[in-house]
Amino acid sequence: MIAQIVFWLMAFLTVGSALITAFSRNIVYSAFALLGAFAGVVGIYILLAADFVAMVQIFVYIGGILVLTIFAVMLTQGIGDVHVSNRAVGTIPALATTLIVGAVMLYATLKTPWYAAKTALTVAPTTYGIGNAFLDTYVLPFELASLVLLAALIGAVVISRQETRE
Amino acid sequence: MPHGLSLNDFLGLGLIVFLLGAYCALSRRNAIGILMGIELMLNGANINYIAFSFYGGGSARYDGQVFAIFVIMLAAAEAVVGLAIILAIYQNLRTIDVDAAETMSG
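Line order of the protein sequences matches chains G and X. Taking the working numbering, the leading residue of the first sequence gets 53, the next gets one more, and so forth. Taking the working numbering, the leading residue of the second sequence gets 361, the next gets one more, and so forth.
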């Protein structure tokens with residue numbers, strides 16, 4: 053009962069913020085509404101017993117990606133341009149594509165017989181299990197992901213350095 | 361089900377967030393707006409992964425969560441590089457309208 057109330061609250065927060073992000077004509081409103089979407093997703097993760105992933109979402113998505121996005125939004129627009137900074141173009145084709153893809157995915161979601169677990173679902177801390185999985189089963193993707201992060205770091209520094217050279 | 365909630369509730373939520381992100385990415389002229397749509401799409405997919413990890417249960421309990429952590433990691437790397445490119449384009453063209461960055465066409 054409590055879980056259902058929390059789920060609907062978090063779902064309204066996420067979907068409402070995503071609606072503002074998608075349909076707002078002001079880029080600053082869209083960027084700050086993304087905060088609401090990420091926070092709602094954190095609540096959904098905690099409801100699904102994914103406590104470690106929820107904390108990763110807070111640190112990386114809200115504290116990293118969202119802050120970076122708001123930096124970029126504030127650095128790249130004229131002060132007098134705030135009101136029309138995010139005009140939508142091609143709304144009819146985008147809406148048509150989204151609705152058709154959404155209908156197909158909804159049909160697939162409802163018609164597929166998803167695997168139902170036979171063991172009891174427990175709500176337990178997951179950090180220990182995820183740590184073991186990262187160093188036991190998934191050690192190769194873990195190392196490759198750190199290489200990807202290194203490449204992204206070097207690439208971002210190189211891209212933003214060239215303007216000061218001339 | 362321990363919640364009273366079923367798997368389809370969470371899959372539907374992930375689907376709605378994904379579709380809103382797809383609409384945002386498809387109908388924007390501002391390059392940062394397109395990146396925000398991509399982040400929404402990745403969040404929708406992550407909700408699906410975590411939901412499958414919870415309702416699938418059993419011995420593969422952590423696979424969905426590990427994959428979601430990888431997705432968050434790669435989204436961070438992609439957002440960093442994308443925003444660096446956008447800032448570089450802004451310094452050259454003074455605009456981040458994706459229709460204006462057309463020096464390679466024609």
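Just so you know, not all the hints are guaranteed correct.
[Claimed, not checked] FRET-style restraints, in silico, Cβ to Cβ:
(1) G:Phe64 with X:Val458: 27 to 33 Å
(2) G:Tyr180 with X:Asn452: 47 to 53 Å
(3) X:Arg454 with G:Ala168: 31 to 37 Å
No lab work stands behind these hints, which were simulated from the structure alone. Built from N, CA and C at the ideal position, the CB exists for glycine as well.
Status of each hint after checking the structure:
At about 32 Å, the CB distance of Phe64 (chain G) to Val458 (chain X) agrees with the hint of 27 to 33 Å. Remark: the range hint 47 to 53 Å for Tyr180 (chain G) to Asn452 (chain X) is upheld by a beta-carbon distance near 49 Å. About 56 Å separates the C-beta atoms of Arg454 (chain X) and Ala168 (chain G), a value inconsistent with the hinted range of 31 to 37 Å.
Consistency with the previously given hints fails for number 3 only.
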